[in-house]
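**Q** Start from the sequences, fold in the hints, and give me the full structure.
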Amino acid sequence: MSKMLSVENLSISFRTDEGVITPVQGVTFSVESGRTLGLVGESGSGKSISTKALMQLLPGSAVLGADSRMTYTDKSGKEIALGHMKHGSKELRRIRGGEIGMIFQEPMASFSPVYTIGNQMMEAIMLHRGLKKREAREYAIEMLNKVGISNAAARVDQYPHELSGGMRQRAMIALTLSAGPALLIADEPTTALDVTIQAQVLDLMRDLQRELGMGMIFITHDLGVIAQIADDVAVMYLGTIVERGPAKEVIRNPQHPYTQGLLDAIPSLDHLHDRLKPVPGDIPSPTARPKGCPFHTRCAQAISGTCDVQEPQETSPLPGRAVRCWLHETKSRSAA
Amino acid sequence: MSKQNDTLIEVRDLAVHFPVKTRKLFKTEVQMLRAVDGVSFDIKRGETVGLVGESGSGKTTVGRAILRAIDPTDGEVIFHRKKKGDIDLAHASEAELRKVRSKMNMAFPESGSGGIKVHNLAGDLLRAFRPEMSLVFQDPYSSLNPRMTVRDIIAEPLVASGKYKDREKIDARVREIAARCKLNLEHLRRFPHAFSGGQRQRICIARALVSKPKFVVCDESVSALDVSIQAEIVNLLKDLQEEMGVSFLFIAHDLSVVAQMSHRVAVLYVGKFVEYAPTEKLFFQPKHPYTHALLSAIPTADPDAGFEPIRLQGEIPNPLAAPSGCRFHTRCPFAKERCSAEVPEWREIAPEHFVACHYAEEFDFSRGKRS
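Taken in order, these protein sequences are the chains called R and G. The first sequence lines up with residues 38 to 373 when you count with the numbering used here. The second sequence lines up with residues 3 to 373 when you count with the numbering used here.
If you are wondering where the hints come from, they were derived from the structure by calculation, not from laboratory data. Be aware that one or more of the hints could be misleading.
Distance condition first, Cα-Cα at most 30 Å in a straight line; then the derived BS3-like pairs of lysine-lysine [claimed, not checked]: (1) Lys184/G - Lys46/G; (2) Lys184/G - Lys328/R; (3) Lys46/G - Lys314/R; (4) Lys240/G - Lys314/R; (5) Lys314/R - Lys283/G; (6) Lys314/R - Lys214/G; (7) Lys184/G - Lys314/R; (8) Lys169/R - Lys115/R.
**A** This is the structure:
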């Protein structure tokens, strides 16, 4: 398994009327081929923006940090620096879709309502696979079959509004995969679906990923979904990754107080009569990012004089794990 | 207290059918969409009844029909009043309704594609829904009028009821309920845009409870919120229920939240109940295959989650062409011949445990609790 994407020190700022805000700050992560990285966090934690930067989908007012590096190794093994390609260039068009595919939360908003499903799929197939129109159509039907859409030969000529929510999301997956991406970014793909349909779509994505050996970034706010699909997980809070590591280990033994809080807040069927334990306080607004550790305003274990002054660096309390928290930094220092 | 006195709302064979027109070349065909097709249950005073089901199962329609936001086609909704006697909401006149409605309330769902937007409802519907019943909706962004201050939003049910003429009395009541919902009283003069999702949902709850309703429908009230804020709101609703003795009909598709909130839970499938039981029983000894399938579809944060899941194939059938016999037979892994021919009886297989399945006794879907 090779590292296909490495993001280092990614910072994104926006110029707004109220001054510069920085919703993503110093984010570092990597994706290996054949593995799934889960990005979790509350709304406003910067999970979507970070991945949009990879595809250069940010609005014009966004500024990338000077030392931000996003390196992608394409199918032929060539290293490409993302984020600085010319808009409309051939290179960017090849990356978008052909190398990195993206699935969004609301499939109705991502499909064009005025073209048939098949039409939209064929466009991608002809562009990225260089097939002729008739072959492209056959390939589209094959892909629809693969994602479990029954009667694909008829569905291919239907419009997006004729499909149900679950079907549409399957069609979206088929569309994205038909361009043959090596890396798939899925931004809350199951959030709008019923649990039964969500389970089907998660099974499907897991199977397809295994079959095609793709790397995947899976964005969600649901740690339950992470446990089902991700190999590794990165927990984001206010634009910073506070903890990362193998998904199972992080969920079983969280090291950062925020991760612990998130896990405790999930209602469990096994503790029906206990009170739920929310993370205290509200998520601060991006214009008023707290000084020091961004989480110290809501953290029960905050050390005054340390956490509210200086931002903690990433440390590794356990092998394969990384945490940004003064609790661990002081521990590791006193041990050394 | 006798059992009769305990019951607040009694729903008997409630049905809501919508006419759907399909244009053919020379004629217009009218089909009946049976969104809710014969649903019976009751809600006790101070109790929360959860209502779960996939989208399109008719959850919201049940909630609205009870409040008479839509007129039921058939059946009875009886609202038991301690002093003034019982009233059948399904057949009540407009004038009678207006008196009762302020005692019930509702909190709204995210309306991505043409759903109900509460600020559009503000006038007629909210005025109608005053002192005894009320609603809390899902999306706290579209359910607050952006041009009204928080104080005015919360006060609106009181003003509309016409019972409070005195501005100071209204203010006092607004401040009281706002404080109970943990809103900062200094923020009452602000407009909704200045608040986060969780705070907005508190405003919606304050508005729903300001008239001291007996009954509140929470329609997906916590579904759009982050898990931590969701936990806060669930705790708040439970506290308020304990203080005020209000009954909730808690509609949600997220089963674990419903389990936390509810005393009893009903499972709805294509307009009919398939199972209705006390929460513990429903979640740990479900008798209907559909309930079991819903439960096994919940993604748990426990990587070693251990019970045999069953995966449902396909999607919920179109209610315009509801399957014959048991409506679940097209997706049921245990379906036999009888299921497609015979409608299963709605029966009580254990005290307070109702199920509609021919073979309920043969299934054992019990799962052990994990600690």
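**Q** Does each hint hold? Answer for all of them.
**A** Consistency of the hints with the structure:
| no. | hint | in the structure |
| --- | --- | --- |
| 1 | Lys184/G - Lys46/G | holds (27 Å) |
| 2 | Lys184/G - Lys328/R | holds (27 Å) |
| 3 | Lys46/G - Lys314/R | holds (27 Å) |
| 4 | Lys240/G - Lys314/R | holds (13 Å) |
| 5 | Lys314/R - Lys283/G | holds (24 Å) |
| 6 | Lys314/R - Lys214/G | holds (27 Å) |
| 7 | Lys184/G - Lys314/R | holds (16 Å) |
| 8 | Lys169/R - Lys115/R | holds (28 Å) |
In terms of the numbered hints stated before, the structure departs from none.
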